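S.K.: Assemble the complex: chain A is given as a structure, and chain B must be docked to it using the hints.
There are 2 protein chains.
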Amino acid sequence: MGETPTALGVALAYHAAWTGKDMDRAMTYIADDIVCDAPAGRIEGAAAYRAFLEPFSGTLTGATMIAAYGDEQRALVMYDTASPRVASAPGAECVTVADGRITYSRFLFDRLPFAR
Amino acid sequence: MGETPTALGVALAYHAAWTGKDMDRAMTYIADDIVCDAPAGRIEGAAAYRAFLEPFSGTLTGATMIAAYGDEQRALVMYDTASPRVASAPGAECVTVADGRITYSRFLFDRLPFAR
Numbered sequence: 001m002g003e004t005p006t007a008l009g010v011a012l013a014y015h016a017a018w019t020g021k022d023m024d025r026a027m028t029y030i031a032d033d034i035v036c037d038a039p040a041g042r043i044e045g046a047a048a049y050r051a052f053l054e055p056f057s058g059t060l061t062g063a064t065m066i067a068a069y070g071d072e073q074r075a076l077v078m079y080d081t082a083s084p085r086v087a088s089a090p091g092a093e094c095v096t097v098a099d100g101r102i103t104y105s106r107f108l109f110d111r112l113p114f115a116r
Numbered sequence: 001m002g003e004t005p006t007a008l009g010v011a012l013a014y015h016a017a018w019t020g021k022d023m024d025r026a027m028t029y030i031a032d033d034i035v036c037d038a039p040a041g042r043i044e045g046a047a048a049y050r051a052f053l054e055p056f057s058g059t060l061t062g063a064t065m066i067a068a069y070g071d072e073q074r075a076l077v078m079y080d081t082a083s084p085r086v087a088s089a090p091g092a093e094c095v096t097v098a099d100g101r102i103t104y105s106r107f108l109f110d111r112l113p114f115a116r
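For the protein sequence lines, the chains are A and B, in the order given. For the first sequence, the working numbering gives the first residue as 1, with consecutive numbering after it. For the second sequence, the working numbering gives the first residue as 1, with consecutive numbering after it.
These aren't lab readings, by the way, just hints derived from the structure by calculation. Owing to the predicted nature of the structure, the values given are computational and were not obtained by experimental measurement. C-beta atoms are modelled at their ideal positions from N, C-alpha and C, and glycine is treated no differently. Some clues are possibly wrong.
[What the hints assert, rightly or not] Away from chain B, derived, C-beta distances all over 10 Å, residues of chain A:
| hint | residue |
| --- | --- |
| 1 | 21 |
| 2 | 39 |
| 3 | 68 |
| 4 | 109 |
| 5 | 112 |
[As the list claims (entries may be wrong)] Selected chain B positions facing chain A (Cβ under 8 Å, derived; list incomplete):
| hint | residue |
| --- | --- |
| 6 | 16 |
| 7 | 39 |
| 8 | 66 |
| 9 | 70 |
| 10 | 74 |
| 11 | 76 |
| 12 | 78 |
| 13 | 92 |
| 14 | 94 |
| 15 | 106 |
| 16 | 108 |
| 17 | 110 |
| 18 | 111 |
| 19 | 112 |
| 20 | 115 |
Next comes chain A alone, as it looks inside the complex (with noise of 0.2 Å):
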């Protein structure tokens, strides 16, 4: 078994997969069982997950990393994207890692620019 990485080490690796569209990398830092409490409800599940944020992460034409914390078990990220719908989508991100995995998740963004 090599080093645990730190919870802040998996959100930024977690991070700079999915805004650089490599879905398939940032699963791997997602938990089977991972739960995320987002803006329109709770997502359940490493699929449903997938399916939540694959097709965002397909349109972003940019991300910038804001300000990232954390500890050995929690992360808390802010960052901005910007995708042809809504040119500056700031979102946060507070997870909790196990086993360098994401198992927790509280997802942060401003619906209404999607909504309009």
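M.R.: Coordinates of chain B only, in the frame set by chain A:
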């Protein structure tokens, strides 16, 4: 001159004040020339910032800090709020602090439940 508080210390004191409906105290942590990038656009100056936050602060029935991190200059917090209009309205703020006051804030929440 006393010790300069960390950005995280300021962010936590400010959070406790505004979620405790003590906007006078909350404003002691806000720079006169604060710039805040909020979902609806940029807010400039302490008076405009207070006008943005005070109506929501007054309706709160609860608030819980989810995670808070920071260093000397910046802090990143995520919290949940409850109010009669929206039972769970999480927010995230990335604040830059100078001389004990927030000079810049990236303020994120989901406007959709409030727009309905």
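S.K.: A separate judgement is required for each hint: does it hold in the structure or not?
M.R.: Each hint, compared with the structure:
1. 21: 23 Å, holds
2. 39: Check fails; 4 Å does not lie beyond 10 Å.
3. 68: Violated, since 8 Å does not exceed 10 Å.
4. 109: Label violated. Min Cβ-Cβ 7 Å, cutoff 10 Å.
5. 112: 4 Å, violated
6. 16: 18 Å, violated
7. 39: 4 Å, holds
8. 66: 6 Å, holds
9. 70: OK, holds: residue 70/B within 8 Å of chain A, min 7 Å.
10. 74: Residue 74/B check passes; min Cβ-Cβ to chain A is 6 Å, inside 8 Å.
11. 76: 5 Å, holds
12. 78: Given a least distance of 5 Å, the restraint on residue 78/B holds.
13. 92: 4 Å, holds
14. 94: 5 Å, holds
15. 106: With Cβ-Cβ at 6 Å, under 8 Å, it holds.
16. 108: 5 Å, holds
17. 110: 4 Å, holds
18. 111: Holds, about 4 Å.
19. 112: 4 Å, holds
20. 115: 6 Å, holds
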